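J.: What follows is the residue order along each chain.
There are 2 protein chains.
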Amino acid sequence: MAVKKNGRNARPEIPRKTVYRLSIYTRCLQRLLANGIHTVSSEALAGAAGVKSPQLRKDLAYFGQFGTRGLGYDVEQLIQMIADLLGTDHLQPVVLVGVGNLGTALLSYRGFEKEGFGVLAAFDVQHDRQRDKRVTQPIFPMEKLGHYVAENHVRMAILCVPPEEAQEVVNELVDAGVTGIMNFAPTVLQVPDEVTVNNVNMAIELENLSYFIQQ
Amino acid sequence: MAVKKNGRNARPEIPRKTVYRLSIYTRCLQRLLANGIHTVSSEALAGAAGVKSPQLRKDLAYFGQFGTRGLGYDVEQLIQMIADLLGTDHLQPVVLVGVGNLGTALLSYRGFEKEGFGVLAAFDVQHDRQRDKRVTQPIFPMEKLGHYVAENHVRMAILCVPPEEAQEVVNELVDAGVTGIMNFAPTVLQVPDEVTVNNVNMAIELENLSYFIQQ
Numbered sequence: 001m002a003v004k005k006n007g008r009n010a011r012p013e014i015p016r017k018t019v020y021r022l023s024i025y026t027r028c029l030q031r032l033l034a035n036g037i038h039t040v041s042s043e044a045l046a047g048a049a050g051v052k053s054p055q056l057r058k059d060l061a062y063f064g065q066f067g068t069r070g071l072g073y074d075v076e077q078l079i080q081m082i083a084d085l086l087g088t089d090h091l092q093p094v095v096l097v098g099v100g101n102l103g104t105a106l107l108s109y110r111g112f113e114k115e116g117f118g119v120l121a122a123f124d125v126q127h128d129r130q131r132d133k134r135v136t137q138p139i140f141p142m143e144k145l146g147h148y149v150a151e152n153h154v155r156m157a158i159l160c161v162p163p164e165e166a167q168e169v170v171n172e173l174v175d176a177g178v179t180g181i182m183n184f185a186p187t188v189l190q191v192p193d194e195v196t197v198n199n200v201n202m203a204i205e206l207e208n209l210s211y212f213i214q215q
Numbered sequence: 001m002a003v004k005k006n007g008r009n010a011r012p013e014i015p016r017k018t019v020y021r022l023s024i025y026t027r028c029l030q031r032l033l034a035n036g037i038h039t040v041s042s043e044a045l046a047g048a049a050g051v052k053s054p055q056l057r058k059d060l061a062y063f064g065q066f067g068t069r070g071l072g073y074d075v076e077q078l079i080q081m082i083a084d085l086l087g088t089d090h091l092q093p094v095v096l097v098g099v100g101n102l103g104t105a106l107l108s109y110r111g112f113e114k115e116g117f118g119v120l121a122a123f124d125v126q127h128d129r130q131r132d133k134r135v136t137q138p139i140f141p142m143e144k145l146g147h148y149v150a151e152n153h154v155r156m157a158i159l160c161v162p163p164e165e166a167q168e169v170v171n172e173l174v175d176a177g178v179t180g181i182m183n184f185a186p187t188v189l190q191v192p193d194e195v196t197v198n199n200v201n202m203a204i205e206l207e208n209l210s211y212f213i214q215q
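Going down the list, the protein sequences come from chains A and B.
Once you know that position 139 of the first sequence is 139 in the working numbering, the rest is easy, because the numbers rise by one and skip nothing.
Once you know that position 135 of the second sequence is 135 in the working numbering, the rest is easy, because the numbers rise by one and skip nothing.
Rather than coming from a laboratory, the hints here were simulated on the basis of the structure.
Computed from a predicted model, the values in this text were never measured in an experiment.
Keep in mind that the hints are not guaranteed to be accurate.
Unchecked claim - The calculated EDC-like cross-link candidates involving lysine to aspartate or glutamate, where the alpha carbons are at most 20 Å apart (straight line), are:
| no. | chain 1 | residue 1 | chain 2 | residue 2 |
| --- | --- | --- | --- | --- |
| 1 | B | 133 | A | 132 |
| 2 | B | 114 | A | 172 |
| 3 | B | 17 | B | 194 |
| 4 | A | 52 | B | 84 |
| 5 | A | 144 | A | 172 |
| 6 | B | 17 | A | 205 |
| 7 | A | 114 | B | 193 |
| 8 | A | 17 | B | 205 |
| 9 | A | 114 | B | 151 |
| 10 | B | 52 | A | 193 |
| 11 | B | 114 | A | 165 |
| 12 | B | 17 | B | 193 |
| 13 | A | 133 | B | 132 |
| 14 | A | 114 | B | 89 |
| 15 | B | 144 | B | 128 |
| 16 | B | 114 | A | 205 |
Unchecked claim - Label pairs and their computed distance ranges (CB to CB):
| no. | chain 1 | residue 1 | chain 2 | residue 2 | range |
| --- | --- | --- | --- | --- | --- |
| 17 | A | 136 | B | 37 | 39 to 45 Å |
| 18 | B | 177 | A | 61 | 39 to 45 Å |
| 19 | B | 71 | A | 133 | 25 to 31 Å |
| 20 | A | 13 | B | 133 | 46 to 52 Å |
| 21 | B | 168 | A | 197 | 34 to 40 Å |
| 22 | A | 144 | B | 214 | 51 to 57 Å |
| 23 | B | 37 | A | 43 | 53 to 59 Å |
| 24 | B | 37 | A | 41 | 39 to 45 Å |
| 25 | A | 197 | B | 37 | 23 to 29 Å |
| 26 | B | 41 | A | 165 | 21 to 27 Å |
| 27 | B | 47 | A | 61 | 50 to 56 Å |
| 28 | B | 162 | A | 61 | 28 to 34 Å |
| 29 | A | 33 | B | 113 | 37 to 43 Å |
| 30 | A | 34 | B | 41 | 52 to 58 Å |
Beta carbons are placed, not taken as given, at the ideal position from N, Cα and C, and that holds for glycine.
Hey, can you work out the whole structure from these sequences and the hints?
T.: In structure tokens form, the structure reads like this:
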């Protein structure tokens with residue numbers, strides 16, 4: 001397989017949209033497996049994922065040729081290959097910065113763990129403020145952020161600070177070794193090329209919908 | 001102005017990405033206003049929003065010509081025009097369906113209200129289950145969903161149900177008159193052309209980052 005030819009770290013250059021679709025395929029495959037289905041055609045998997053089957057075949061071609069003509073894909077093998085590629089086959093440590101309303105909500109959300117992301121610790125300027133009892137992670141003062149990230153080899157961070165503080169926190173995270181940031185702060189972050197930022201702005205998503213519902 | 005020529009409901013056809021950028025511009029403009037700045041050049045606003053200034057000028061051209069050469073844009077006027085276009089100049093009623101971990105977290109999140117979206121009520125199959133005390137909205141059984149949406153002229157919904165239930169709930173929402181859905185369920189929804197779905201999948205965003213941090 002193309003992906004393994006040069007060892008684990010020589011990953012193929014896959015566009016971001018393809019990586020998103022691989023996540024969707026995985027969820028469809030897991031549902032198939034839960035229903036006792038062990039092989040799937042590209043047409044059936046494409047249908048379940050809401051894409052056209054040439055798109056699916058193109059996306060899976062990054063793994064090299066492994067589907068059997070007339071038989072389709074091995075469900076378990078494909079799940080494993082995608083997990084290996086995405087790096088979700090092992091627990092990924094994450095820190096969360098900014099424990100306000102949204103940060104608190106995300107800390108008490110159990111969905112991340114289920115997907116293999118462990119939010120180890122959170123950081124806030126008011127680290128000792130009284131919070132929701134369902135938050136079980138330790139909350140540290142901001143001064144400990146850089147050291148903690150470096151010490152624990154954390155590469156991913158969830159950012160929920162106010163927009164005016166976001167860039168400063170990002171600089172600190174990047175200096176400490178973080179290369180992936182899920183940004184909930186409604187602002188544009190400047191990062192070096194090797195750092196990836198995924199922006200999730202729920203208010204902006206709602207505003208966007210608000211425009212389209214008035215058409 | 002092009003936008004008002006045909007009355008409020010004859011909105012120009014604006015691409016989704018442009019609508020997203022308008023939301024970003026609004027936030028930058030609000031920060032300028034808070035700092036006592038009342039006019040801004042396209043270069044300065046573009047810089048604050050992290051876009052190139054030809055892009056900004058193209059985006060704002062949907063409003064017709066209103067910047068004054070050499071003086072720039074009137075900050076307050078531009079905020080008002082964008083709010084009018086996005087429909088955020090009045091409170092937008094929203095329902096939330098599926099009050100599990102994530103739904104509960106979103107109900108207790110105060111950020112939506114601040115942006116002009118009022119989550120009026122929530123719906124769940126287990127509507128009378130004990131929940132977080134910070135949730136102040138009423139939680140109704142699923143049977144009341146369609147009637148409530150129609151009765152209260154709700155056009156927007158936040159969907160946090162399990163993926164296997166999502167399509168059925170969406171059909172009901174659409175039948176009752178919802179035309180904008182913010183979907184947190186990790187699945188692909190089928191909707192008529194006039195309905196807009198914005199997918200927000202936090203686990204998928206994390207998985208996506210997980211791939212890129214390993215490059």
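J.: Taking the hints in turn, state whether each one holds.
T.: Outcome of the hint check:
| no. | hint | result |
| --- | --- | --- |
| 1 | B:133 with A:132 | 10 Å, holds |
| 2 | B:114 with A:172 | 29 Å, violated |
| 3 | B:17 with B:194 | 18 Å, holds |
| 4 | A:52 with B:84 | 38 Å, violated |
| 5 | A:144 with A:172 | 11 Å, holds |
| 6 | B:17 with A:205 | 11 Å, holds |
| 7 | A:114 with B:193 | 34 Å, violated |
| 8 | A:17 with B:205 | 11 Å, holds |
| 9 | A:114 with B:151 | 38 Å, violated |
| 10 | B:52 with A:193 | 18 Å, holds |
| 11 | B:114 with A:165 | 19 Å, holds |
| 12 | B:17 with B:193 | 18 Å, holds |
| 13 | A:133 with B:132 | 10 Å, holds |
| 14 | A:114 with B:89 | 39 Å, violated |
| 15 | B:144 with B:128 | 14 Å, holds |
| 16 | B:114 with A:205 | 14 Å, holds |
| 17 | A:136 with B:37: 39 to 45 Å | 43 Å, holds |
| 18 | B:177 with A:61: 39 to 45 Å | 43 Å, holds |
| 19 | B:71 with A:133: 25 to 31 Å | 54 Å, violated |
| 20 | A:13 with B:133: 46 to 52 Å | 49 Å, holds |
| 21 | B:168 with A:197: 34 to 40 Å | 35 Å, holds |
| 22 | A:144 with B:214: 51 to 57 Å | 26 Å, violated |
| 23 | B:37 with A:43: 53 to 59 Å | 57 Å, holds |
| 24 | B:37 with A:41: 39 to 45 Å | 59 Å, violated |
| 25 | A:197 with B:37: 23 to 29 Å | 27 Å, holds |
| 26 | B:41 with A:165: 21 to 27 Å | 26 Å, holds |
| 27 | B:47 with A:61: 50 to 56 Å | 41 Å, violated |
| 28 | B:162 with A:61: 28 to 34 Å | 32 Å, holds |
| 29 | A:33 with B:113: 37 to 43 Å | 41 Å, holds |
| 30 | A:34 with B:41: 52 to 58 Å | 57 Å, holds |
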